[in-house]
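Colleague: Chains as they are written, first to last, in numbering that gives the first Met the number 0: chain A, 0 to 108; chain B, 0 to 463; chain C, 0 to 170.
It is worth saying that the hints were derived from the structure and are not from the lab. Hints are not guaranteed to be accurate.
To be verified - Output of the computed footprint for chain A on chain C, the stretches with three or more beta carbons under 8 Å from beta carbons of chain A:
1. 24–31
2. 44–53
3. 61–75
4. 85–99
5. 126–135
What the hints assert, rightly or not - If you want the ones that stay clear, here's a sample from chain B, every Cβ over 10 Å from chain A, calculated:
6. Val61
7. Met307
8. Leu451
9. Pro456
Small disclaimer: the values here were computed from a predicted structure and weren't measured. Even for Gly, the Cβ is constructed at its ideal location relative to N, Cα and C.
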Amino acid sequence: MEEIPGVIRTIPLNYYIFLSTALFVIGIVGVMVRRNALIIFMSIELMLNAVNLLLTAFSSYRSDPAGQVFVFFIMAVAAAEVTVGLAIIVMIYRNTRSVDVGILNRLKW
Amino acid sequence: MFYSVVLLSIFGILNLFLGFLKSRAWLLPVTLLFLATALVVTLTDWNKSLFFWNYMMSTDNVSVAFATIIIVSAMLILPLSRFYFPNAAAPVPEYYAILLFSVVGAILMVTYENIIMLFLGLETLSIAMYILAGSDKRNPRSHEAALKYFLMGAFATGILLFGVAMLYGATGTFNLSGLAQYVRTTLVNGASPMLYLGLTLVLIGILFKLSVAPFHFWTPDVYDGTPTLFTAFMATVVKTAGFAALYKILSVSFTGIYSVWWITLAATSVLTLLIGNITAVYQQSFKRMLAYSSISHAGYLLIAVTAMGQTSQSSILFYSLAYTLATITSFAVLILVNENRAGESFSAFNGLARHNPFLAFALTVAMCSLAGIPLTGGFFGKFYIFINALEKGLLFLLVVAVLMSAVGIYYYFRVVIAMYMRGSDDNAVADRIIVPKSYAAVLAITTFLTILLGVAPDLLVRYF
Amino acid sequence: MADKIFYFLTFLSLISAMLVIFSRNPVHSVLYLILTFFCLSGHYILLNAQFLAAVNIIVYAGAIMVLFLFVIMFLNLREDTEPRKGMAAKLAAVVSGGLLLLIMVAALRTADMSTLNNPASFDSQIGLVENLGRVLFTDFLLPFELASVLFLVAMVGAVMLGKREAGERNF
Chain A
0 MEEIPGVIRT IPLNYYIFLS TALFVIGIVG VMVRRNALII FMSIELMLNA
50 VNLLLTAFSS YRSDPAGQVF VFFIMAVAAA EVTVGLAIIV MIYRNTRSVD
100 VGILNRLKW
Chain B
0 MFYSVVLLSI FGILNLFLGF LKSRAWLLPV TLLFLATALV VTLTDWNKSL
50 FFWNYMMSTD NVSVAFATII IVSAMLILPL SRFYFPNAAA PVPEYYAILL
100 FSVVGAILMV TYENIIMLFL GLETLSIAMY ILAGSDKRNP RSHEAALKYF
150 LMGAFATGIL LFGVAMLYGA TGTFNLSGLA QYVRTTLVNG ASPMLYLGLT
200 LVLIGILFKL SVAPFHFWTP DVYDGTPTLF TAFMATVVKT AGFAALYKIL
250 SVSFTGIYSV WWITLAATSV LTLLIGNITA VYQQSFKRML AYSSISHAGY
300 LLIAVTAMGQ TSQSSILFYS LAYTLATITS FAVLILVNEN RAGESFSAFN
350 GLARHNPFLA FALTVAMCSL AGIPLTGGFF GKFYIFINAL EKGLLFLLVV
400 AVLMSAVGIY YYFRVVIAMY MRGSDDNAVA DRIIVPKSYA AVLAITTFLT
450 ILLGVAPDLL VRYF
Chain C
0 MADKIFYFLT FLSLISAMLV IFSRNPVHSV LYLILTFFCL SGHYILLNAQ
50 FLAAVNIIVY AGAIMVLFLF VIMFLNLRED TEPRKGMAAK LAAVVSGGLL
100 LLIMVAALRT ADMSTLNNPA SFDSQIGLVE NLGRVLFTDF LLPFELASVL
150 FLVAMVGAVM LGKREAGERN F
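Please put together the full structure from these sequences, using the hints given.
Modeller: Now the structure itself:
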């Protein structure tokens, strides 16, 4: 048996859960507070990173590799999402000269 | 099922290569042939129960049936694209390839056995839809639809993934049967709070994508702004795949804690029915009305999920098939009317019956089916779902659903009245719409199947 | 020692995450987000997930954030370009976020994690490339291959959306 990393010996797993919950909530607040589409998108990336941290922590504490493989997939999918999202944002900017989600509210009800 | 996923992925790439050809004439028949091949390969899995690749995918009759609905609706929507792209520069092969890939994603959502496959399928389908929503590049409404759909979809993915991480923390597995095993042990030992939080967040994530109230607010704008052809795809394929995924995760993994989640789903379905139906009454645009109608149908389907029992899978299947057929008919007629009369409002349909009796008849059958009038598929769809709710004792759900169906008849029949009772205002509008052959074929098939399901529902139901 | 590093990294990542959503200049937001990613990579190293730490830096900080930065500079966004939301809406968002955090923490506070790490069966090697690669290419081979379909969709879509059509503005 190899040596157990110091963090796993001294820090309870709950602290990691609280940290990633806090990051996740900060991401949600960012989505609600900001109007710039790019910053909203960055807040969503923050939420995904909270998920990644949580999965990695569970995976390490349980010494089960599946969680870390899932993180790898989340990163891959996030990269694909970013390309499409930024393409959409660039396309919109090209036509409306703005990335404010507020002025896109022309349609209602 | 695994082979149809592989085949569709390869066919999608082949489709991209077909774009090099000068002639576009072959594109549609070849793509339909691809889908038909995938359909045949899917149907060979009937009555087999298989697991693929270390319990990543599974096949049973229900998933084969859902995959069949998905592929058939893709086959019915594709011919509508024939005259849809106005300019010659439109990247049609790319559209077809993306549609094929999105069918791959939808099939993954139907057959997943591991949450990682659900995630991949959901994202493949969603990313394809973000792109198609924004494909009308010079229309600001299409931009808006793409941006809203993208931001809301990515947000929902984040919530879903946090839920998945919580479930993993509680159970240590991503496998549906592993989750089910953990849930069984909790009946004895008591569950970790992470299980409940995770389940709630996963449900919120999926319900967001299914546009169930209170997470529906993006739907009308997105459905309205998206090019109508792709709206039809969103309203049928995405809904069917999403409900199959929701039903699968709840029925396989979480039946043990039914008492925890059923009340949440019941509340959301009541809310969805109320909001969807009542707001639909106030719409002036037929397309927006269809968007709200898709929200309200999500509410009916959610009743079947809430009343989880022996027969609820067959009623979900029947309902999604009936809903899919009727929705494809309405969108096909909408495309024709919009192209020829330049309008999506109800008044654009004025006097359609006089000049195009076939179109008017097809749309009337579709509206009857959506409203749940007897002799159409939608009637038996609602009937089976109400029976489910009754068996489970969900009386208040039943009352709300019946009342809201009555409201539904009002707004579905507005367009019928416009077609049959109202004369057209001026002569220019009254010109006869020339129905292309591909549209006529699709409309004939969907109308025939809708009536067939309404007359002889046993043809389908006895298999489940 | 490890716990001191943990507290430091936690503090830094929370502060920089806050700064991401509250700084007015989009470029600053991106830079703070990169700082957050580096802190998270530090956490991954503490958790003995070296592979993910490296991939996090390469993919997130290296590729995704550079893409963001590129788009922001490309579109020439400055702080004055973003209209502000009203104070009431902001306050409501922050309060509801705080309540959400409170609820989630209260729900998770009672979660008993002590049974999870069993020292007898602990394996410190699971986060290394060798082990993860083996798992990825055996158990998770199918999702790994199907991720390529996802990438193909994203690639085709990005090209399709990014290409200028006749009649569209150049820039």
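Colleague: At 10 Å, judged by beta carbons, does Leu451(B) keep clear of chain A as stated?
Modeller: Given that every Cβ of chain A is farther than 10 Å from that of Leu451(B), nearest at about 37 Å, it holds.
Colleague: Counting residues of the region 85–99 of chain C with a beta carbon closer than 8 Å to any beta carbon of chain A, are there 3 or more?
Modeller: holds (count 8)
Colleague: Mind verifying the non-interface call on Val61(B)? Its CB should be farther than 10 Å from each CB in chain A.
Modeller: Holds, since 26 Å exceeds 10 Å.
Colleague: For Pro456(B), is the shortest CB-to-CB distance to chain A above 10 Å, so the non-interface label stands?
Modeller: Holds, since 36 Å exceeds 10 Å.
Colleague: For the region 126–135 of chain C, count the residues whose Cβ lies under 8 Å from any Cβ of chain A; is that count three or more?
Modeller: holds (count 5)
Colleague: Beyond 10 Å from every Cβ of chain A: is that where the Cβ of Met307(B) lies?
Modeller: 27 Å, holds
Colleague: Is the listed coverage of the region 24–31 of chain C by chain A valid when you require three or more residues with a beta carbon under 8 Å from a beta carbon of that chain?
Modeller: Contact hint for the region 24–31 of chain C vs chain A: holds, 3 residues under 8 Å.
Colleague: Taking a Cβ-to-Cβ distance below 8 Å as contact, does the region 61–75 of chain C have at least three residues touching chain A?
Modeller: With 8 residues close enough to chain A, the hint holds.
Colleague: Does the region 44–53 of chain C contain three or more residues whose Cβ lies closer than 8 Å to a Cβ of chain A?
Modeller: Held - the region 44–53 of chain C has 6 residues with a Cβ nearer than 8 Å to chain A, which meets the minimum of three.
Hint check: no violations occur; every hint is consistent with the structure.
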